[in-house]
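Here's the letter readout for the chains.
There are 2 protein chains.
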Amino acid sequence: MSGGLGAQQDREKELEVLQFWKVRVESELDQVVAFWTKNSHDPEHGGFLTCLGHDGEVYDDLKYVWLQGRQVWMYCHLYRKFERFRQPELLDAAKAGGEFLLRCARVAPPEQKCAFTLTRDGRPVKVQRTIFSECFYTMAMDALWKVTGDTRYQREATEMMDQIVHWVREDPSGLGRPQLAGTPAAESMAVPMMLLSLVAQLGDEDEVLAGRYAELGDWCAQKILQHVQRDGRAVLENVSEDGQELPGCLGRHQNPGHALEAGWFLLQYASRKGDPELQAYVIEKFLLQPFNSGWDPNYGGLFYFQDADGLCPTQLEWNMKLWWPHCEAMIAFLMGYKDSGNPALLRLFKKVAKYAFLRFRDPKQGEWFGYLNREGQVALTIKGGPFKGCFHVPRCLAMCEEMLGTLVSNHA
Amino acid sequence: MSGGLGAQQDREKELEVLQFWKVRVESELDQVVAFWTKNSHDPEHGGFLTCLGHDGEVYDDLKYVWLQGRQVWMYCHLYRKFERFRQPELLDAAKAGGEFLLRCARVAPPEQKCAFTLTRDGRPVKVQRTIFSECFYTMAMDALWKVTGDTRYQREATEMMDQIVHWVREDPSGLGRPQLAGTPAAESMAVPMMLLSLVAQLGDEDEVLAGRYAELGDWCAQKILQHVQRDGRAVLENVSEDGQELPGCLGRHQNPGHALEAGWFLLQYASRKGDPELQAYVIEKFLLQPFNSGWDPNYGGLFYFQDADGLCPTQLEWNMKLWWPHCEAMIAFLMGYKDSGNPALLRLFKKVAKYAFLRFRDPKQGEWFGYLNREGQVALTIKGGPFKGCFHVPRCLAMCEEMLGTLVSNHA
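Protein sequences appear in the order of chains A and B.
Every position in the first sequence, counted from 1, becomes a number in the numbering used here once 32 is added.
Every position in the second sequence, counted from 1, becomes a number in the numbering used here once 32 is added.
If you are wondering where the hints come from, they were derived from the structure by calculation, not from laboratory data.
It is possible that part of the hints are untrue.
One copy or two, either will do: identical chains are not told apart, so a pair holds if it fits within one copy or between any two.
Straight-line Cα separation of at most 20 Å, EDC-like style, residue types lysine to aspartate or glutamate; simulated pairs [stated by the list, open to error]:
#, residue 1, residue 2
1, 158, 273
2, 158, 219
3, 383, 328
4, 370, 307
5, 255, 277
6, 113, 434
Using the sequences provided together with the hints, build the complete structure.
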C-alpha cells in the first residue's frame, strides 16, 4: 500500500536526519570541550577563567560563581555519561573547581550566601540578592559527589539545597532584598525552573533524594505552569504570587528561550511522573507557542525578549539572537520528538540546529559565538564572558548526542 | 588680499552654518517640548509618565526618580531662560513634579535616601545604592527655587546636596553598598561629573552658593581629569582612588558620549575659572580624542561602549548608537567652538547634528528615537523609557539654541 510505503519513507528520512545530526553534534561536542580544556583552566587557584576572546585568549580574570559551578557540573556530567570523556584531566579540573568554590564562594562563612563574582584568587567582588549562585554551587557539588563518591560534596549539596528552599519557600530575608511598599509581589519563572532542575539533578540515580525532593518538584512544576497566561496563549516571565498577570512591562515580559528551557525541564518531569497529558500540554504551551511567536520571521533566530502585547521591549538587546535560547530550543524539540514521536518537532529541531550551526558556531577557533545582531551577524566576538561559560553549548550538544543515540537505536 | 578675502568667505560660511542650525534647533525644540507636555503629565498624582511609545502612548506607568527630577529641571530651565516657554502650563507641571518628589522620593523619611523607581502614586519600587536619584532631586529643587523663589525648594536642594557630598567625600556607608574584600576601590567618572554639574547648577546666578561650592568644583574637576590615562591617549570610565588604571574590563571600559559630556562640563568650569590652558586641554582630551576613537568609521554615529585595548566589550549594546551621546557631542563641539573659535569644532558639531537629525529625529510624532542599531536603524521604537525622558534632547536643543544665538550675534 502506498500509505505504508509513504510512512516507511518518512521513517527513513527521519532516520537520515537523526544520523546526520548525531555525527555532527558528536564532533562539535569534542571541539567545544577542547576549547574549554585548552583555554579556561586556572592551574594556580583552581576554577575557571571564562572571559575568553574569539581565539580563547583571557581578556579578564574575574571568576563568575554561576560559571564556576556550571563548568564543574558540565565536566562531571561528561565524565560520568560519556566513555570518551572519562579523562583524568576533566575530573581533576572539576575537582579543582569544586575546591575553589568550597574555599571561596561563600561571602562570609559559615553563612551560606555566595558571591556572584570573585577575584581570580577567590576574594568576593559582587553579591547578588538572588539564589542563583547558590543553585549552581549546589549543582556542582552534587555532580562531584556523583562522580567521586566523596560525601563532603554530597553534604555541601544538600545543605545548600535546604538553605535555598528555605529562602524560596519560607523566608527570603537572608537574601538581603529591601522590603518596599511599591514592589509588586512578583514571581519570576527562573526560580521554580532552577529548583526543578536541581530536583532532577539531586534525584538522578538517587532514590533517597528523589523521594526527599518529590513534593518540591511538584511544587516547582505547578509554579512554572502558572506562567501560562492569557487563556493559554502566552508564557509570561513574571506573574503575581497567586498566578495572575502583573501590570506594565514586568507583566508583559517574555523570553522565548526561557520558555523553551522550562519546556524541557517540564518534559523531563512529565516523563518521571509518567504523565502523557502534561507532556502534550507542555509541547503545545512551552515549545510550539513560544517558538511560533519568538522566531524572527524576517531573519530567523529567536528574539531575546518580547512584549506579550507586541509592544517594543525596553531592553536594548531585545532583538538580538543569543546562543543559549537556541541551545535550549534544540534540546526541547529533540526531547519533545523523542517523547511524543511527532515528526513536526524533529523538523523544528533541525531548523533551529541549522541556524545555530550556521550562525553561532566558529569552525576556526572552536566554541560558539554568543551574541548576534538581529540579522544574525556576530555582534560580540567573545566566546566567554560574565554570563557565557562552559555550559549551554556543551550541555546542549551532550544531551542531543545522547537523545540522538537513543533515537537512532530505536529506529534501527 | 586673497588671504583676507578667503578668511572673510570662511567667516560667511560659518555664519551660514550657525544661522541654518539656529533655525533648525529652535523649531525642533518646540516640537520636542510639545511631545512631552502633550503626553507625559500626570494630572492625578503630579510628576511625569515617561514610558512613552513612538506616538506618545503610555506603555508603563512606573515613575523613575532620575527622570522626574530631570523633567522638573528642564521645564524650569526653559521657563527661566526662554521668553516663549514662559508658560504657566510648564511652571505648573514643574511644581507638581517637584511636589511629587517632595512627597514620595525619599524611601524612609526623614532619611535622605531616594528611590530609583516609584509606582505612579509614589510608593517605592526599587532603590539603587548610588547617589544619582538624589542628584537629580537636588537639580530639580534648585531649579524650582530659582524660578519660584520659594525657599522650601532651596532648603531641600542644599540639604540634599550636603548629604550627597557627605556620601561621596566622607562616608558612603549610608548608600548601603556591602564592603567586600575583592571589590576594587574604583572611582567612576560619573560621580565627579554629576557633582560638577550640580555645582554649576547651584552656583548659577547665586554668588553665595557659588562660593560655598567652589572648592567642591575644583575637587570634581581634578577627579575627572584623573580619568585621562595612558599618557593622555584615553579617557577611561573607571580608575583607582589614586588615579591609576584598573585591571580588566572595568579598567579598560570607555564611553565616548560620557567623555564628551564631561568635556562640556569641564569647558564650563574652565570658563568660570578663566583658564584657557585647561580649555585647550579639555578640547583635545575630552572632545577630539573620544570623538576620533568613538565615531564609527563604517556607519557613522558614536559607539556606546568601547574597550581601550580595542577588545570586544562584554556589554551586549556596545555597538548601538544611543541618542544621548550625540546630544552631548553637539553641546560639547558647539561650546568648544564658541570658547575657542576653532572652526574644526563647528564642522564636528555639524557632522554630529546632521547624523542626529537624520537618524534619531522623528518628524512624524515628535521627540527622538533613543536606540539605533550599529547601522543606524531604529532598534527600539520607544520615545521614553526607564532611562530616557524629557532631558537630553531638549537640554541639547536649548543649550545649542542659546549658544547659536550668541554666536550669530557675535558674527554680525
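- Please flag the earlier hints that this structure goes against, numbers listed from lowest up. Violated hints: none at all, because every hint is consistent with the structure.
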